[in-house]
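Visitor: Sequence:
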Amino acid sequence: MNMIFQKKQQGLTLLELLIAMLIGTLLILGATSMFIANKRVYKEVDYQGRLAENARFAMEMMIRDLRMTGFIGCAVRQEINNNLDIADDKELLSFVSKTSGGIQSNSIEGSESGAEWEPSNSADLTAADGNTETPSTIPGSTANNDVTMLAGSDAFTIRFLEDTNTNLCVNMTNAQDKLEAGAQTGATIPGGLFIDGGLYAASDCEATNIFQLTANASTEPFQLLHAAGSGIPGNKTSSLSKQYTTSGGNCNASPVDIHIFRARRYFIAVDQETNRPGLYRQVFDINANSPGQAPVEFAERLIDGVENIQILYGEDTTGNDRVADTYVDANSVGDWVNVVSVKLAVLFATVEEDFSAPFDTKNDYQLLDQTIDPTPGANDRRRRKVVEATVSLRNRQLSL
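Using the working numbering, you'd call the opening residue of the sequence shown number 1 and step up by one each time.
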């Protein structure tokens with residue numbers, strides 16, 4: 001007798017297979033959507049973080065230098081002598097205006113909208129290599145690489161003295177004598193502090209003299225020579241305005257401090273390789289591209305993604321309380337000696353575009369009294385941020 005066995009179903013029906021594929025597809029789509037969303041969040045956080053980091057770095061650097069503007073030790077501004085051979089009062093290294101009776105008037109100056117470095121300067125600047133540059137062009141960080149300030153963006157120049165933790169230790173025999181300096185107790189003096197061609201200053205509470213060192217001084221006591229005629233820009237004369245003296249050879253008790261002379265010009269320029277704007281700083285220092293060479297005047301690129309700077313200068317128009325009575329642009333400053341504070345507004349942008357993000361269609365970023373369109377006639381996919389600060393020029397407010 002034959003028995004009939006009922007066969008059980010094996011495998012999947014077409015309907016079950018389609019349902020399984022649908023569920024799998026939905027799971028994959030969900031995972032993909034989550035991945036894309038997380039990636040977008042990560043990119044957004046990364047872009048915003050980089051933007052904030054660049055803004056913080058740039059603002060801190062400019063604000064720190066602005067706060068140091070005009071520092072000359074304990075001497076007052078009427079008692080500063082710039083011994084550097086400067087042909088034009090408006091050059092980077094000019095600390096004293098020849099037309100103001102020797103008063104320190106050049107510790108801060110501004111340039112409006114890329115027209116010229118200084119609003120009243122029509123003469124060409126002379127670069128460290130001897131070439132003549134137009135007022136809005138300065139020597140770049142490499143040979144024959146000039147950097148031009150971006151039109152429509154402001155620039156500012158600041159000058160001050162920076163402490164070296166050294167003092168005069170031996171009396172000068174005359175005003176032409178070398179300055180013999182030593183470290184203050186407990187101070188660590190870095191190697192290469194006093195270099196041939198570097199710019200320095202001797203300052204007590206009676207007078208400050210800025211000069212160019214004409215020989216290396218590598219061992220203590222540091223022999224600071226200031227001969228006339230050698231180097232760029234060189235010293236006008238080997239004689240300082242006074243013969244400095246100390247207290248019995250005691251460096252710590254000496255009233256004469258030795259400083260480094262700093263002159264810096266901040267501006268916006270377009271990089272020739274990336275064709276994008278960034279923050280530059282013109283300095284007189286050792287160029288990293290020419291190690292071992294004498295200091296020169298050059299422009300260094302500090303940070304990318306800085307598109308515009310607008311500045312208003314707080315001027316004490318009454319001239320007696322060192323408090324800003326009005327804020328004006330560089331062209332409207334009546335006397336730079338009376339500038340006691342600065343309003344700074346900077347437009348930052350991400351270095352790269354995020355092509356997954358929508359276009360930035362905002363064409364009117366407000367920077368103080370100016371409306372700025374960073375991409376005239378076009379849009380891009382960069383994030384942007386405006387940062388503002390008001391900075392008190394402390395040394396100006398103390399110079400009553």
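Just so you know, these hints were derived from the structure itself, not from any lab. Incorrect hints may appear among the rest.
To be verified - Once the Cα atoms are required to be at most 30 angstroms apart in a straight line, the calculated DSBU-like pairs of lysine-lysine come out as: (1) K362 with K385; (2) K343 with K39; (3) K39 with K385; (4) K43 with K242; (5) K343 with K362; (6) K343 with K385; (7) K39 with K362; (8) K242 with K343.
Said to hold, decoys possible - Label-pair restraints from in silico Cβ distances: (9) I189 with D321: 34 to 42 angstroms; (10) V270 with G191: 16 to 24 angstroms; (11) T318 with T188: 44 to 52 angstroms; (12) D335 with A151: 37 to 45 angstroms; (13) R394 with S230: 46 to 54 angstroms; (14) E388 with N275: 44 to 52 angstroms; (15) I36 with I260: 37 to 45 angstroms; (16) T188 with D271: 55 to 63 angstroms.
It should be emphasised that the depicted structure is a prediction, and the values quoted were computed from it without experimental measurement. Beta carbons are placed, not taken as given, at the ideal position from N, Cα and C, and that holds for glycine.
Visitor: Would you mind marking each hint as holding or not holding in the structure?
Guide: For each hint, the structure was consulted:
| no. | hint | verdict |
| --- | --- | --- |
| 1 | K362 with K385 | 11 angstroms, holds |
| 2 | K343 with K39 | 38 angstroms, violated |
| 3 | K39 with K385 | 22 angstroms, holds |
| 4 | K43 with K242 | 61 angstroms, violated |
| 5 | K343 with K362 | 24 angstroms, holds |
| 6 | K343 with K385 | 17 angstroms, holds |
| 7 | K39 with K362 | 25 angstroms, holds |
| 8 | K242 with K343 | 38 angstroms, violated |
| 9 | I189 with D321: 34 to 42 angstroms | 40 angstroms, holds |
| 10 | V270 with G191: 16 to 24 angstroms | 37 angstroms, violated |
| 11 | T318 with T188: 44 to 52 angstroms | 45 angstroms, holds |
| 12 | D335 with A151: 37 to 45 angstroms | 27 angstroms, violated |
| 13 | R394 with S230: 46 to 54 angstroms | 36 angstroms, violated |
| 14 | E388 with N275: 44 to 52 angstroms | 27 angstroms, violated |
| 15 | I36 with I260: 37 to 45 angstroms | 53 angstroms, violated |
| 16 | T188 with D271: 55 to 63 angstroms | 37 angstroms, violated |
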